[in-house]
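Hey, can you work out the whole structure from these sequences and the hints?
Listed below are the residues making up each chain.
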Amino acid sequence: MAAEESYPEDLKYHREHDWARIEGDTATFGITWYAQDSLGEVVFYEPPEVGATIAKDETYTEVESVKAVSDVYAPLSGEVTEVNDALADSPETINEDPYGNGWLAKVQLSDPSEADALMDAAAYRELLAG
Amino acid sequence: MTPELRRTPLYDAHVAAGAKLVDFAGWEMPVQYEGVRQEHMAVRTGCGVFDVSHMGEVQTEGPEALDLLQRLLSNDVSKLQVGGAQYSVLCREDGGVLDDLFTYRLGAERFLTVTNASNHLRDYAWFVEHADGYDVEVYDSIGEWAMLAVQGPEARSIAEKVVGAELPPRMRTAHLPFADEEILVCGTGYTGEAGVEVMIPPRAASALWDSLLEAGATPAGLGARDTLRLEVCFHLYGNDLMVERDPIAAGLGWCCKEETRFIGSEAVAAARESGPDEKLVPFSIIGPGIPRQDNPVLTGSEEVGMVTSGSLSPCLEKGIGMAYVRTDLAEPGIEVEIDVRGRRRAARIESKPLYDPDHPQKET
Numbered sequence: 001m002a003a004e005e006s007y008p009e010d011l012k013y014h015r016e017h018d019w020a021r022i023e024g025d026t027a028t029f030g031i032t033w034y035a036q037d038s039l040g041e042v043v044f045y046e047p048p049e050v051g052a053t054i055a056k057d058e059t060y061t062e063v064e065s066v067k068a069v070s071d072v073y074a075p076l077s078g079e080v081t082e083v084n085d086a087l088a089d090s091p092e093t094i095n096e097d098p099y100g101n102g103w104l105a106k107v108q109l110s111d112p113s114e115a116d117a118l119m120d121a122a123a124y125r126e127l128l129a130g
Numbered sequence: 001m002t003p004e005l006r007r008t009p010l011y012d013a014h015v016a017a018g019a020k021l022v023d024f025a026g027w028e029m030p031v032q033y034e035g036v037r038q039e040h041m042a043v044r045t046g047c048g049v050f051d052v053s054h055m056g057e058v059q060t061e062g063p064e065a066l067d068l069l070q071r072l073l074s075n076d077v078s079k080l081q082v083g084g085a086q087y088s089v090l091c092r093e094d095g096g097v098l099d100d101l102f103t104y105r106l107g108a109e110r111f112l113t114v115t116n117a118s119n120h121l122r123d124y125a126w127f128v129e130h131a132d133g134y135d136v137e138v139y140d141s142i143g144e145w146a147m148l149a150v151q152g153p154e155a156r157s158i159a160e161k162v163v164g165a166e167l168p169p170r171m172r173t174a175h176l177p178f179a180d181e182e183i184l185v186c187g188t189g190y191t192g193e194a195g196v197e198v199m200i201p202p203r204a205a206s207a208l209w210d211s212l213l214e215a216g217a218t219p220a221g222l223g224a225r226d227t228l229r230l231e232v233c234f235h236l237y238g239n240d241l242m243v244e245r246d247p248i249a250a251g252l253g254w255c256c257k258e259e260t261r262f263i264g265s266e267a268v269a270a271a272r273e274s275g276p277d278e279k280l281v282p283f284s285i286i287g288p289g290i291p292r293q294d295n296p297v298l299t300g301s302e303e304v305g306m307v308t309s310g311s312l313s314p315c316l317e318k319g320i321g322m323a324y325v326r327t328d329l330a331e332p333g334i335e336v337e338i339d340v341r342g343r344r345r346a347a348r349i350e351s352k353p354l355y356d357p358d359h360p361q362k363e364t
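Residue numbers (the working numbering), protein chains in the order written: chain Y, 1 to 130; chain P, 1 to 364.
Hints are supplied without guarantee of correctness; some may be wrong.
Label-pair distances were calculated between CB atoms; the ranges are [said to hold, decoys possible]: (1) Y:Glu-126 to P:Ala-207: 39 to 45 Å; (2) Y:Asp-116 to P:Ile-286: 30 to 36 Å; (3) Y:Asp-10 to P:Asp-23: 35 to 41 Å; (4) Y:Glu-62 to P:Lys-161: 30 to 36 Å; (5) P:Ala-346 to Y:Asp-116: 44 to 50 Å.
Quick caveat, the hints were computed from the structure, so don't treat them as lab data. The C-beta atom is built at its ideal place from N, Cα and C for all residues, glycine as well.
Given below as structure tokens:
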């Protein structure tokens, strides 16, 4: 079952519909409820490589529905330290639990101050309403 | 400014059913309701109903209607009996495919041809332009019809219950009464399953839609329509068919009867004689990955073709597609690679259909 629409207050949001849960100089990334709802049921996901360097505002992975491929943008820059391998077998977890078990990557941040440019939940909701 | 999208008479019904609506060839159409995969499986195991009212209709009527259609359509229209249905392509002089069409013969001198939404105006103009000198009237009748496709192993029994009359068999049509209107029921479809397509006056469309849902049909969107047709290797115009390709390369030589002298028949005969450089073939991905339109087909470092349709197959649970591939490689069993956005995925050329609804257990 798909999750109910929500945008947790403890996350930071990127305009391309990605979220970051920041803990010091590390962060967990995923896609927002809005992103998974627009895409429809996720049927295929291949995680990025551990050790990959990713850059804020650039694509670091893709999620696929039956019909379409959607690029996923990095909300912050850094190096991938852990990926969610469980999603290879159950990519629909991204729909069911986009902020929990549907996380995509954990990242060692190269510049934590980049987070200043991200939105809080209220600003992101405003973007969606826009 | 985005031009205003056209809506079918079932627009409100789609919204009520929770549809995700998209722009499809200028129409605001449901791409999915609950989810593409569920709707796909509903059609394979039960009954789905699709609103395909965006498809166009051209009516050709008069003493020389048959002669005109024989000139325009690739198939032998003289073989089409009253109450029958026939598939054909519409070609340019050079054999390029303008559209693929079903034609229903409603009377000795009356035919209804169903067009693809994106080609409707071009097709209609082509019909009118070539009708000069024939004793015939050509009408654009897109406004007269809504169209529902009822498809799946339970489709015929559900549609029969709703219409309250015996349905025509496969590739036949019947005029039947429904809600004080006359509807045209056709034993055709685009999913490989049993079922019917129903042409109905727009004002009665939502009554039919509601009755079908009450009788157990699942609303299915254009997303599922695409995955269903791809599993059984039916062509989609704009993906697998285009003016730059001839029907021989597309594997549609079976519906081209060059002896009828249709427009483009000389080019089609020449293509048949010389054999195409590339052929449209189905393929499946070996392992992970979903192929998509425009992905290159490779052997080693050489590009040998291009994907025209690609998706995940909900029934086979793997990536499938169709591609134009160099003829010497267009044989079932040959292994190639597909460049899926930079990742090379192993693939195997398959035979049609990729999925056979009559023998779903087939090992592939």
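Structure-based check of each hint:
Separated by about 43 Å at the C-beta atoms, Glu-126 of chain Y and Ala-207 of chain P satisfy the suggested range of 39 to 45 Å. Here the CB-CB span from Asp-116 of chain Y to Ile-286 of chain P is close to 47 Å, at odds with the stated 30 to 36 Å. In this structure the supplied range 35 to 41 Å holds for Asp-10 of chain Y paired with Asp-23 of chain P, their Cβ-Cβ distance being about 37 Å. Judged by the Cβ atoms, the range 30 to 36 Å given for Glu-62 of chain Y and Lys-161 of chain P is violated: they are separated by roughly 45 Å.
Our hint of 44 to 50 Å for Ala-346 of chain P and Asp-116 of chain Y holds, since their Cβ atoms are close to 45 Å apart.
The earlier numbered hints that this structure contradicts are 2, 4.
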